[in-house]
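Letter by letter, the chains look like this.
4 protein chains.
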Amino acid sequence: MKKILIINTGGTFNKVYNPINGKLEIDKTSSTIQEIATKWLCEFESINIIDKDSLDMTNQDRNILLDTIKNTQHSHIIVIHGTDTMDISASYLAENHLEKYIVFTGAMVPYSIDTVEATANLSSAYGYLQALDSYGIYIAMNGALGNYDKVKKDRKKGVFITL
Amino acid sequence: MKKILIINTGGTFNKVYNPINGKLEIDKTSSTIQEIATKWLCEFESINIIDKDSLDMTNQDRNILLDTIKNTQHSHIIVIHGTDTMDISASYLAENHLEKYIVFTGAMVPYSIDTVEATANLSSAYGYLQALDSYGIYIAMNGALGNYDKVKKDRKKGVFITL
Amino acid sequence: MKKILIINTGGTFNKVYNPINGKLEIDKTSSTIQEIATKWLCEFESINIIDKDSLDMTNQDRNILLDTIKNTQHSHIIVIHGTDTMDISASYLAENHLEKYIVFTGAMVPYSIDTVEATANLSSAYGYLQALDSYGIYIAMNGALGNYDKVKKDRKKGVFITL
Amino acid sequence: MKKILIINTGGTFNKVYNPINGKLEIDKTSSTIQEIATKWLCEFESINIIDKDSLDMTNQDRNILLDTIKNTQHSHIIVIHGTDTMDISASYLAENHLEKYIVFTGAMVPYSIDTVEATANLSSAYGYLQALDSYGIYIAMNGALGNYDKVKKDRKKGVFITL
Numbered sequence: 001m002k003k004i005l006i007i008n009t010g011g012t013f014n015k016v017y018n019p020i021n022g023k024l025e026i027d028k029t030s031s032t033i034q035e036i037a038t039k040w041l042c043e044f045e046s047i048n049i050i051d052k053d054s055l056d057m058t059n060q061d062r063n064i065l066l067d068t069i070k071n072t073q074h075s076h077i078i079v080i081h082g083t084d085t086m087d088i089s090a091s092y093l094a095e096n097h098l099e100k101y102i103v104f105t106g107a108m109v110p111y112s113i114d115t116v117e118a119t120a121n122l123s124s125a126y127g128y129l130q131a132l133d134s135y136g137i138y139i140a141m142n143g144a145l146g147n148y149d150k151v152k153k154d155r156k157k158g159v160f161i162t163l
Numbered sequence: 001m002k003k004i005l006i007i008n009t010g011g012t013f014n015k016v017y018n019p020i021n022g023k024l025e026i027d028k029t030s031s032t033i034q035e036i037a038t039k040w041l042c043e044f045e046s047i048n049i050i051d052k053d054s055l056d057m058t059n060q061d062r063n064i065l066l067d068t069i070k071n072t073q074h075s076h077i078i079v080i081h082g083t084d085t086m087d088i089s090a091s092y093l094a095e096n097h098l099e100k101y102i103v104f105t106g107a108m109v110p111y112s113i114d115t116v117e118a119t120a121n122l123s124s125a126y127g128y129l130q131a132l133d134s135y136g137i138y139i140a141m142n143g144a145l146g147n148y149d150k151v152k153k154d155r156k157k158g159v160f161i162t163l
Numbered sequence: 001m002k003k004i005l006i007i008n009t010g011g012t013f014n015k016v017y018n019p020i021n022g023k024l025e026i027d028k029t030s031s032t033i034q035e036i037a038t039k040w041l042c043e044f045e046s047i048n049i050i051d052k053d054s055l056d057m058t059n060q061d062r063n064i065l066l067d068t069i070k071n072t073q074h075s076h077i078i079v080i081h082g083t084d085t086m087d088i089s090a091s092y093l094a095e096n097h098l099e100k101y102i103v104f105t106g107a108m109v110p111y112s113i114d115t116v117e118a119t120a121n122l123s124s125a126y127g128y129l130q131a132l133d134s135y136g137i138y139i140a141m142n143g144a145l146g147n148y149d150k151v152k153k154d155r156k157k158g159v160f161i162t163l
Numbered sequence: 001m002k003k004i005l006i007i008n009t010g011g012t013f014n015k016v017y018n019p020i021n022g023k024l025e026i027d028k029t030s031s032t033i034q035e036i037a038t039k040w041l042c043e044f045e046s047i048n049i050i051d052k053d054s055l056d057m058t059n060q061d062r063n064i065l066l067d068t069i070k071n072t073q074h075s076h077i078i079v080i081h082g083t084d085t086m087d088i089s090a091s092y093l094a095e096n097h098l099e100k101y102i103v104f105t106g107a108m109v110p111y112s113i114d115t116v117e118a119t120a121n122l123s124s125a126y127g128y129l130q131a132l133d134s135y136g137i138y139i140a141m142n143g144a145l146g147n148y149d150k151v152k153k154d155r156k157k158g159v160f161i162t163l
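Chains as they are written, first to last, in our numbering: chain P, 1 to 163; chain B, 1 to 163; chain C, 1 to 163; chain Y, 1 to 163.
FYI, nobody ran anything at the bench for these hints, they're computed from the structure. Just to be clear, a hint being listed does not mean it is correct.
Identical chains blur together in the list; that is why a pair holds if it fits in one copy or across any two.
[Unchecked claim] Subject to a maximum C-alpha distance of 25 Å in a straight line, what follows is the list of computed BS3-like cross-link-like pairs (lysine-lysine):
1. K2 with K23
2. K52 with K152
3. K157 with K39
4. K3 with K152
5. K100 with K156
6. K23 with K3
7. K23 with K70
8. K157 with K23
9. K70 with K3
10. K28 with K39
11. K2 with K52
12. K39 with K100
13. K39 with K150
14. K100 with K2
15. K157 with K2
16. K152 with K39
17. K100 with K52
18. K150 with K28
19. K3 with K157
20. K39 with K156
21. K28 with K157
22. K23 with K156
23. K23 with K100
24. K70 with K157
25. K23 with K52
26. K2 with K39
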């Protein structure tokens, strides 16, 4: 078994309903990740950084992500990220030729609204990482898993597909 | 992407509540698998055989499972199985030196009672299969993934662990 | 048993997540009401009008609600309404001295995010109506039930209380 | 607002899954009742007695229920009870001409499997009690509310109906 670090950058995956203002907001703790771990009957190591929606991500944020990855001793990493710019952040990391196994994932529907997609995306990324044998940047979304430049969001259908 | 066949043999994963007799019964359709696929925004190919609780599985049933695997053209297969004898069925298949990638999974809690564990087990098996590069019989349960003889059920704690 | 009509005017009660734009939107069908009826193992008669958020309700909308109530033969009516202006609409109806039993209800959290509060509000309104014996305009929210001018939203806490 | 006491005697309403033995068991705490209260954004006063399945209820148990009701100062009471003998216990209490308002409720499906029916039954009983103005023993199940001898379980359909 490979030890995996989950780096949670925010996005739809983590959104929860705020009944006072009626809006969905990013939960800046790792409560969703920890709830999945508890119910899955296992343990995760995770950290929260950035805590932003995909569309608000800047290259400065991507640099924070890059530094976090460079500074950790973990070689097997899941990055939870908003779906709209997941490919941009993945591409940004790819330019740096990291000798690590990195899988991006996230959700089209918040875990707090429907548990299944977020859980399945995270768990498929987890299973994928356990068997991967080439360094690289990958995406695992909606059952489509592969190198980051082979998995794309179909914005009209609201789902990721393999090219 | 590898095309995966899900062979559903029954077990806790599929149990649903029957309000007339107050008991949990194995749903003999693949409704749970198809619901996960719909919510995960992807598609699964699946078949139902045996439809039994783990403790009722006989070697005759295991032979049906073996024949089903031999007769399918798929080389990447997920077997959904009750947890108590998952290791026995896995071991039974292993004696046959199949040139296939086979991952057993299931659930300690029915999907109909709590969606997360069943979804996570199935999805981690799915992700694992996408990256596996050696034929073999594997188990993916509760975040513990590996060769079938390295992942065991801890009956007291009600969770699978790696040896 | 009194026959009850549910008039659904919109509000948080009915909101569902749109994964394409990432926003919560009012479902203009009565799908939530019908899902509660199916799971509660009973039947509801319901109609949808206005389909607005509480804050977008105008007196023109309140007139539509008034006309709908005047024109129906039902004397026992549940009005599902957004919570922020529920008291204004209730007060508007009260000026008209209708010889009907009318209970306003709604939700602080959409049924699609958590089923319990919306279900409990609607069901308590339903039970209340079965036993009420004075014409009037009532509110049933968060276990606080009473004449419309005795039940208020505490905006800071995000909950209704009795005065 | 009338102050209500919830007396929880067990039954399907409270059943939870035990993953070690794979069975549904009655939770002898009031965790379901308290979870509904928390999510409904209100508070309940409740006590647990007997903690049995409907079919295991004896007249000795019914006597415990009767004594509990006689000894409490509350006049407005919800009794959560298994569905198969709810009418027998209600009838047993009715013979005692209590000067109280008592509504029996329960569930065909455990709250832990699907929250809606259990929540709706309890909340409709709660709303009904707030408006009732005659002493008596009542049943509130599946949207059928009325005097205990006017609401019956249809065992084939698994639902309560009014006569």
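Consistency of the hints with the structure:
Proximity of K2 to K23 under the C-alpha cut-off of 25 Å is found in neither arrangement, the shortest distances being 38 Å within a copy and 34 Å between copies. Taking CA atoms no more than 25 Å apart as the test, K52 paired with K152 passes inside one copy only; the shortest distance there is 20 Å, against 36 Å between copies. Taking the closest pair of Cα atoms, K157 and K39 come within 25 Å of each other only across two copies (13 Å); inside a single copy the shortest separation is 30 Å, beyond that limit. In this assembly of identical chains, the alpha carbons of K3 and K152 lie at most 25 Å apart only when taken from different copies (19 Å versus 27 Å within one copy).
Proximity of K100 to K156 under the C-alpha cut-off of 25 Å is found in neither arrangement, the shortest distances being 33 Å within a copy and 37 Å between copies. Taking the shortest alpha-carbon separations for K23 and K3, neither the intra-copy value of 36 Å nor the inter-copy value of 34 Å comes in at or below 25 Å. For the homomeric pair K23 and K70, neither the shortest alpha-carbon distance inside one copy (35 Å) nor that between copies (35 Å) is at most 25 Å. Taking the closest pair of Cα atoms, K157 and K23 come within 25 Å of each other both inside a single copy (23 Å) and across two copies (16 Å).
Taking the shortest alpha-carbon separations for K70 and K3, only the intra-copy value of 16 Å comes in at or below 25 Å, while the best inter-copy value is 34 Å. With identical chains, the CA atoms of K28 and K39 are at most 25 Å apart both within one copy (20 Å) and between copies (22 Å). Proximity of K2 to K52 under the C-alpha cut-off of 25 Å is found in neither arrangement, the shortest distances being 28 Å within a copy and 33 Å between copies. In this assembly of identical chains, the alpha carbons of K39 and K100 never lie at most 25 Å apart, being 28 Å within a copy and 31 Å across copies at closest.
Taking the shortest Cα distances, K39 and K150 sit within 25 Å of each other only across copies (22 Å), while inside one copy they are farther apart (31 Å). For a Cα distance limit of 25 Å, the shortest separation of K100 from K2 qualifies both inside one copy, at 12 Å, and across copies, at 23 Å. In this assembly of identical chains, the alpha carbons of K157 and K2 lie at most 25 Å apart only when taken from different copies (23 Å versus 34 Å within one copy). Taking CA atoms no more than 25 Å apart as the test, K152 paired with K39 passes between copies only; the shortest distance there is 18 Å, against 30 Å inside one copy.
When the C-alpha separation of K100 and K52 is checked against a cutoff of 25 Å, the pair qualifies only within one copy, where the shortest distance is 24 Å, while the shortest distance between copies is 42 Å. For a Cα distance limit of 25 Å, the shortest separation of K150 from K28 qualifies neither inside one copy, at 30 Å, nor across copies, at 36 Å. Taking the closest pair of Cα atoms, K3 and K157 come within 25 Å of each other only across two copies (22 Å); inside a single copy the shortest separation is 34 Å, beyond that limit. For a Cα distance limit of 25 Å, the shortest separation of K39 from K156 across copies, 17 Å, qualifies, whereas the shortest one inside one copy, 33 Å, does not.
Taking the shortest Cα distances, K28 and K157 sit within 25 Å of each other only across copies (21 Å), while inside one copy they are farther apart (28 Å). In this homomeric assembly, K23 and K156 come within 25 Å of each other (Cα to Cα) both inside a single copy, at 23 Å, and across copies, at 15 Å. For a Cα distance limit of 25 Å, the shortest separation of K23 from K100 qualifies neither inside one copy, at 37 Å, nor across copies, at 35 Å. In this assembly of identical chains, the alpha carbons of K70 and K157 never lie at most 25 Å apart, being 35 Å within a copy and 37 Å across copies at closest.
For the identical chains of this complex, K23 and K52 are neighbours both inside a copy (15 Å) and across copies (16 Å), given an alpha-carbon limit of 25 Å. Taking the shortest alpha-carbon separations for K2 and K39, only the intra-copy value of 21 Å comes in at or below 25 Å, while the best inter-copy value is 28 Å.
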